[in-house]
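Just so you know, the sequences run in chain order W and S. Everything in the first sequence is counted per the numbering used here, starting at 244 for the first residue and increasing by one. Everything in the second sequence is counted per the numbering used here, starting at 25 for the first residue and increasing by one.
I should point out that these hints are in silico values taken from the structure, not numbers from a laboratory. Ideal placement from N, C-alpha and C gives every residue a C-beta, glycine not left out. Misleading hints may appear alongside valid ones.
Claimed, not checked - With beta-carbon atoms standing in for the labels, derived distance ranges:
| # | chain 1 | residue 1 | chain 2 | residue 2 | range |
| --- | --- | --- | --- | --- | --- |
| 1 | W | 270 | S | 46 | 21 to 27 Å |
| 2 | W | 378 | S | 25 | 51 to 57 Å |
| 3 | S | 61 | W | 392 | 43 to 49 Å |
| 4 | S | 394 | W | 270 | 20 to 26 Å |
| 5 | S | 46 | W | 310 | 42 to 48 Å |
| 6 | W | 361 | S | 204 | 52 to 58 Å |
Single-letter residue listing:
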Amino acid sequence: MENKSDFVFVPKIMDKEDQVKSEEFLNLLMHKQMRIYAFILSVIRNFEDADDVFQDTVNTMWQKYPESRPIGDFAAWGIQVAYYKILEYRKKQKRNVHVHFDSELFEKVLTAAKSVHLDYDDRIDKLKKCLKKLGPRGRKIIELRYYQDLKPQQISELLGLSVLNVYKIMSRLHGQLVQCVETLQRQV
Amino acid sequence: MDGKLKQEADMLLYLTLENKASAAQIERLDGLLRAYPELVDYSVQYTLIASALRKSHVILSASFEEPSQEADEQFTLLKVFAEEERTAPTIEIPCEADEPQPTLSSAPTANKGGQKTALYVLAASLAAVLLFFASVRLIPVREPVAVLAEAVSPRWHNGSEAVAIGDSFYNTDEPKVLKSGTIELEFTYGARVVVEGPAEFSCKSDNMVHLQYGRLYSRVPQYATGFTVNTPDARIVDMGTEFGVQANVDGTVELHVTHGRTSLITGDQKKTQLLEVAAGQARQISEQGYAIREISLKRRSFVQMIDTKTGLIWKGEKVIQLADLVGGGNGLGSGGFEVGIDPGSGQYVTLGPAYYNDHPMVSSAYRQFDAHPFIDGVFVPNGADGPQVVTSMGHRFEDCPKTNRAYFARIINGTTQEFGGGGPGLMLDGMVYGTESRPAIFIHANQGITFDIAAIRRALQGTLISRFLSVCGISQTAASDYGMADMYVLVEGQVRFVQKGIRKGQSCDVRVDLREEDRFLTLVAVTSPDKQVPEGYNQEHGDWCLFGEPVLVLE
């Protein structure tokens with residue numbers, strides 16, 4: 244079962260200028276999408292909602308792109324668009340006061356997110372090294388969750404573990420990776 | 025940040041990521057963030073790592089090197105985690121559900137419809153098509169993920185697109201269509217997959233293949249556990265095993281597990297079914313993955329291993345038939361009946377009337393046989409001039425009896441011909457040998473043949489060959505009662521079995537256990553040195569020796 248969308252797309256015939264813009268936009272997005280998504284997730288904090296906000300962000304970026312060209316720093320622009328989308332998301336979420344932090348904490352997290360993302364590329368390089376340092380069990384479970392795209396419940400059934408254990412393992416693995424990346428960052 | 029605090033923060037952050045944190049847990053997390061300012065940076069770094077793992081190709085890039093060193097550590101999680109569970113602080117985990125908890129997801133859920141609509145609108149341009157994939161799944165980096173390890177008579181959909189042994193398959197390749205023949209892929213992470221044509225497949229990663237239709241058989245080493253076969257309506261995740269998958273064009277899928285266990289995942293994102301299918305079990309999946317029923321295991325239905333050099337196509341048979349090798353086959357029944365080798369010339373022959381009265385007399389030189397990779401050579405044994413050389417490596421049969429250097433009828437894969445006058449074909453203990461159902465090597469004295477069992481082992485990718493089994497004797501159909509022969513089985517020239525003074529109709533069982541390092545297996549039939557024949561008869565007259573059902577047993 245492949246990870247396929249059930250959407251049916253009917254590509255429109257574009258003129259040459261549109262096509263160039265599309266390709267330009269796509270190229271920029273391909274290289275910077277991760278930074279934008281990482282920023283969103285660091286504030287939204289859960290995958291599901293972050294995916295939605297990211298989707299909205301990309302949608303708006305695409306619509307605004309023609310009038311915003313040329314864009315000096317595509318990632319920074321994307322993060323700016325994402326910021327407004329996050330604010331919209333927070334408004335929608337108002338009733339669920341427990342799902343997001345208050346304004347003071349929100350500002351703190353925003354500041355930290357912007358700071359951490361300054362050396363994003365370095366951190367990703369370090370992450371690759373740190374993944375290799377994980378034990379085989381850790382790498383396997385990370386692979387099952389993120390590469391094979393299995394949910395914790397499925398992983399638990401696959402490995403004969405309790406779901407609780409899967410969460411514990413995953414939480415620890417993320418913590419180990421954070422520490423490892425930080426250690427390598429400090430060595431630079 | 026002390027260890028306990030970090031452990032708690034890790035868990036709360038991860039539960040939040042997965043949308044499984046309760047309201048109380050989120051409040052606790054926020055409380056910690058307020059109380060410990062350093063946790064704010066930490067939480068951002070934590071989500072950055074998670075975002076990279078989830079959406080980028082960082083896992084693929086990490087490439088998970090040198091898995092073999094880690095084989096013994098794989099999936100011994102239980103002990104470790106049982107200990108962790110014992111020592112970890114108590115944390116409440118909400119029940120896993122297909123849908124997120126309403127309190128946490130009402131807005132995003134409501135958003136979903138709008139999201140889809142937005143995507144439909146976006147879909148109006150080519151860029152949008154690409155955008156969707158760019159945003160939802162990682163944009164894969166082109167990486168080699170498997171190589172073509174073996175191939176027997178492959179025909180690809182596009183004839184010009186020749187795929188040679190050693191060629192790489194990339195994760196971004198278009199699906200490959202194998203029209204006919206059989207190929208074996210070796211994935212970078214270690215799994216080996218035999219694909220039988222017709223089939224359409226793509227190697228999605230170093231540990232995943234997508235089978236659109238066709239048949240494949242996966243052998244997954246312990247360290248590559250997690251190897252995944254995707255079909256349009258099912259996903260099979262290996263748990264250290266061997267299994268066959270047949271995906272039909274009508275969407276039905278069959279899973280046959282021969283070793284270990286697998287997890288079968290069907291359904292869609294909203295409703296997923298997960299079923300363990302263990303060794304000896306088989307399942308058929310239909311109706312887009314919603315109907316699963318038990319079916320009987322087809323243990324010998326899938327090609328499990330192939331060998332390019334020899335054309336070997338192995339479907340899990342437990343033996344290699346040596347008679348079939350003598351007939352020019354691959355040991356699994358592809359050899360020619362009444363085909364064999366002339367030990368005097370070292371050439372293939374087909375038994376016929378020309379040989380009925382032919383008793384050549386040749387030197388005892390060892391004749392290497394290059395026409396078959398599993399047969400090392402042949403010879404006409406004679407110990408008169410010293411030990412007989414019985415292998416291409418010069419191993420010697422020290423106690424080889426003296427013979428007259430004459431032989432009859434060559435070394436042949438079975439026969440039903442009547443050319444001795446004692447009846448058709450070969451017979452021992454009242455049973456007919458040398459037929460398709462009960463093969464035999466007809467090896468009249470004085471002849472010898474050496475098999476290269478190391479080459480067979482190699483072709484079967486290291487499969488253990490545990491022993492040689494057969495029955496030997498002089499056929500009841502021999503031309504006269506004068507026959508009297510000694511039959512030997514040698515390994516590296518050393519006698520591992522001998523039966524001397526065998527007479528017409530006498531037989532005995534042969535069992536020779538083989539060690540992993542054993543390479544050459546030699547079968548010899550010679551006229552007994554004590555044999556007496558009336559004047560006018562050839563010394564080897566009547567020595568109609570045969571090895572009935574000679575097999576190498578595979579483990």
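Structure-based check of all given hints:
Under the hint 21 to 27 Å, the C-beta atoms of residue 270 of chain W and residue 46 of chain S, about 42 Å apart, miss the expected range. Evaluation of the 51 to 57 Å hint for residue 378 of chain W and residue 25 of chain S yields a failure: the beta carbon distance comes to about 23 Å. Range check, residue 61 of chain S to residue 392 of chain W: Cβ separation about 35 Å, and the 43 to 49 Å hint is violated. In this structure the supplied range 20 to 26 Å is violated for residue 394 of chain S paired with residue 270 of chain W, their Cβ-Cβ distance being about 58 Å.
The hinted range of 42 to 48 Å is satisfied by residue 46 of chain S and residue 310 of chain W, whose Cβ atoms lie roughly 44 Å apart. Between residue 361 of chain W and residue 204 of chain S the Cβ separation comes to about 57 Å, which falls inside the hinted range of 52 to 58 Å.
Violated hints, listed in ascending order, are 1, 2, 3, 4; each of the other numbered hints is respected by the structure.
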